[in-house]
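**Student:** Protein sequence lines, in the order shown, are assigned to chains A and B.
Anchor point for the first sequence: position 78 equals 78 in my numbering, and the numbering is continuous, going up by one each time.
Anchor point for the second sequence: position 21 equals 21 in my numbering, and the numbering is continuous, going up by one each time.
Read the hints as simulated data drawn from the structure, not as lab findings.
Chain B residues, not near chain A, derived (Cβ > 10 angstroms throughout):
(1) P61
(2) P216
(3) D245
Label pairs and their in silico Cβ distance ranges:
(4) Q148(A) to A74(B): 36 to 44 angstroms
(5) R205(A) to P61(B): 27 to 35 angstroms
(6) D213(A) to G512(B): 30 to 38 angstroms
(7) Q216(A) to E453(B): 17 to 25 angstroms
(8) E444(B) to K215(A): 25 to 33 angstroms
(9) A163(A) to E453(B): 25 to 33 angstroms
(10) N191(A) to N59(B): 24 to 32 angstroms
(11) N191(A) to R62(B): 23 to 31 angstroms
(12) D80(A) to G75(B): 24 to 32 angstroms
(13) E224(B) to P48(A): 51 to 59 angstroms
(14) G204(A) to E444(B): 46 to 54 angstroms
Beta carbons are placed, not taken as given, at the ideal position from N, Cα and C, and that holds for glycine.
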Amino acid sequence: MAVLISFSAAAAAPSGNLEKGKQLFLGMCSRCHGVEGAGGEGPNLSRPVLANAPDDTTLRAVIRDGIPDRGMPRIRRFTDSELDALVVFVRSLGRSTGRAAVGNPGRGKAVYQRLACASCHTIAGEGGILGPELTNIGAHRAADYLRQSIVDPAAALPRGVMAIPGRGFNEFLPVHLVTDTGQEVRGVRVNEDTFTIQVRDTAGRLYSFRKADVKQLDKELGQSLMPEYKSRISGADLDDLIAYLASLEGAK
Amino acid sequence: MRTGVTLFCLMLTAAGTYAQQVSYQRIAAAESDPSTWTTYSGNYQAQRFSLLDQINRQNVPRLKPTWIYQMRHAGIVETSPIVVDGVMYITEPPSTATALDIRTGRPLWTYTPKIPSDVIIIGSPPVNRGMAILDNLVYFGTVNCHLIALDAKTGIVRWDTKVDENKKGYYITAAPLAVDGKIIIGISGAETGIRGFLDAYDPKTGKRLWRTYTVPAKGERGSETWGGESWQHGGGSTWVTGSYDPDLHLVYWGTGNPAPDWNDETRPGDNLYTSSLIAVDPSDGKIKWHFQFTPHDVHDWDATEIPILFDAEVKGRPRKVVSMANRNGFYYVLDRQTGEFLTAVPYVKQTWADGLDAKGRPFARRDADPKVDGTLVYPAIAGGANWWSPSYSPKTRLFYQAAREIAGVYYKGDAEYKDGTAYTGGGGEVKGGDEAYGAIRALEATTGNLKWEFKLLTPPQAGLLSTAGGLVFGGTEEGDFFALDADTGKPLWDLQLGAAVRANPMSFALDGKQQVVITAGSSLFVFGLP
Chain A
1 MAVLISFSAA
11 AAAPSGNLEK
21 GKQLFLGMCS
31 RCHGVEGAGG
41 EGPNLSRPVL
51 ANAPDDTTLR
61 AVIRDGIPDR
71 GMPRIRRFTD
81 SELDALVVFV
91 RSLGRSTGRA
101 AVGNPGRGKA
111 VYQRLACASC
121 HTIAGEGGIL
131 GPELTNIGAH
141 RAADYLRQSI
151 VDPAAALPRG
161 VMAIPGRGFN
171 EFLPVHLVTD
181 TGQEVRGVRV
191 NEDTFTIQVR
201 DTAGRLYSFR
211 KADVKQLDKE
221 LGQSLMPEYK
231 SRISGADLDD
241 LIAYLASLEG
251 AK
Chain B
1 MRTGVTLFCL
11 MLTAAGTYAQ
21 QVSYQRIAAA
31 ESDPSTWTTY
41 SGNYQAQRFS
51 LLDQINRQNV
61 PRLKPTWIYQ
71 MRHAGIVETS
81 PIVVDGVMYI
91 TEPPSTATAL
101 DIRTGRPLWT
111 YTPKIPSDVI
121 IIGSPPVNRG
131 MAILDNLVYF
141 GTVNCHLIAL
151 DAKTGIVRWD
161 TKVDENKKGY
171 YITAAPLAVD
181 GKIIIGISGA
191 ETGIRGFLDA
201 YDPKTGKRLW
211 RTYTVPAKGE
221 RGSETWGGES
231 WQHGGGSTWV
241 TGSYDPDLHL
251 VYWGTGNPAP
261 DWNDETRPGD
271 NLYTSSLIAV
281 DPSDGKIKWH
291 FQFTPHDVHD
301 WDATEIPILF
311 DAEVKGRPRK
321 VVSMANRNGF
331 YYVLDRQTGE
341 FLTAVPYVKQ
351 TWADGLDAKG
361 RPFARRDADP
371 KVDGTLVYPA
381 IAGGANWWSP
391 SYSPKTRLFY
401 QAAREIAGVY
411 YKGDAEYKDG
421 TAYTGGGGEV
431 KGGDEAYGAI
441 RALEATTGNL
451 KWEFKLLTPP
461 QAGLLSTAGG
471 LVFGGTEEGD
481 FFALDADTGK
491 PLWDLQLGAA
501 VRANPMSFAL
511 DGKQQVVITA
521 GSSLFVFGLP
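Just need the whole structure built from these sequences, with the hints factored in.
**Tutor:** In structure tokens form, the structure reads like this:
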């Protein structure tokens, strides 16, 4: 009897379920997946097919059991009806069309080459290492996020895509340090613990220091080594570049 | 030949009868033999302090591995070893008991009970924190909520008692506490809406001697602090091992959150005895006194941190003290004879209470309650402290705590009770990464005033050991194992062990040489001087 009632209630009020799912998503999921599921630390969910959750059963399992080694925690606190609502909402993200990139990916690739983005970024094995790899960036970040990364890089710092330095940490964090012997290094943090820090400088050289031997360590939180492209790219070129990046979903 | 066999048998008998009998008296006199470690926290006072002083400020940088044991069972390792008479007793995740030769780390026996594949573990990872030993048996709990007694020499099962129904969400992660003639065990499961309790079992037969519910039934004292029938699924787990005062004949045990955790609509009132410390007479299980740290808890402020016992002058009067760095962010000092509140101060940033009144009751901020769209509160959901052990040094009279400086967002959600499913009414997320940090803090034990701190990159989930050698040992989430000067907090030695430290350090002596033990990842490391 209880099952029948809840079934008919759900069938009669899908919009209520959607709204409830949205609230739950905003609460538990949005920090990593973005407010609109467009991706952040976690992957972009506003796509028709999710690699790890192609159907509702696998989506429920991913929410309940997490994805070990990929940063997705298991979330055991949802009731069955909350889980239903969350699945309904996540599925609705894949049907929304407003988030699609408006530019031309082919022309965007040319913009990417013209701006020499590859001097710092790698796509499909080609390019530099100072900034994040972009081979799979379309699966992780939606168009709005990519736009911000280009126009104002420091406002959209990468977090949580890589296993190192770890969940929640700023990736490619610019650091500046001076050792007791006067050696000065500027670069990005590769990893860190309480006693040591590993840094890669702009020339790609790796350094590892014991903090006890470092007299000054500045972590430049909220800053990026990537130049601002606000004044260097706009209009159709920017749309095209975003469309190109959004199309990058790695090896199929 | 024949003579040889007879002699060998005689020697075995002698060893079996005398050398390996870990009597209650021997456990109670832990100080008389610091080469052993016979309870979860090292002594009944739960101080996690070693009287061994061979490893000291000068020679600690020379520590080298004596041996390393790698767990045969995957999962998070939170075990605290017992060491006595040449054997180390550990548990492996989720419910395996293993005995190791303390000379080599070679396993002597291992026992894994049958755990049903549909075992229900909601509210924590599937872990086990260790064993208890009494006379010739060792004891441990399982994730399907059994308490098992094994022969300490062979691992043969002596008895296996079902503590309660795992189908309803009851499970065990805590190490038992062995006192005179009783094995006391606490349970987990408040996130499934269990009704919590503390149990005592006959060490020889496994027969239950008493059960004390942490949530009173209708009509019982304290039941007026629960609305309607909410007590039936009121939570109040007892998932971390308590301490014991043999002279006062009282067991001190922390209790966990009321259920549902973050949706309090069904449970108006203080919700006794959740998020409390209870002082229990081990002969009959009666609650002699209680102190509720967080009345009507809505943040999951389990009081299942270690209650440490020591004697000291507090505000000009000699006192028998029990103290606790609570998950809610305050460090408390209580009189352990009466439960009288003596003092409390925050030891981490907290934003859920506007201080405490003269009796230690918090002025809880209702605007810090969980909301559907989230409420930002310090500390985060794991609290300022949690299950990992603090340490108290009678030499420095400092209380050492691995503290978490981190905010969390608390959400209120639906709460529908159904046997063996989540009954939390919400949840939380943590503001980790570069926004958070941790610290080892040394508090003046009678006041909670900060004496020194040593900062950690991230909030820790590992306990501390202090030693008569003037050291404090601890670990980090990034895998550092380190030693600090117990007087100043100055770092003296550290080593990267390659995976998160999520356990408590302890110490013992091997052939008269002090060893320090810690687990990181799935490995157990024993360090000594070369």
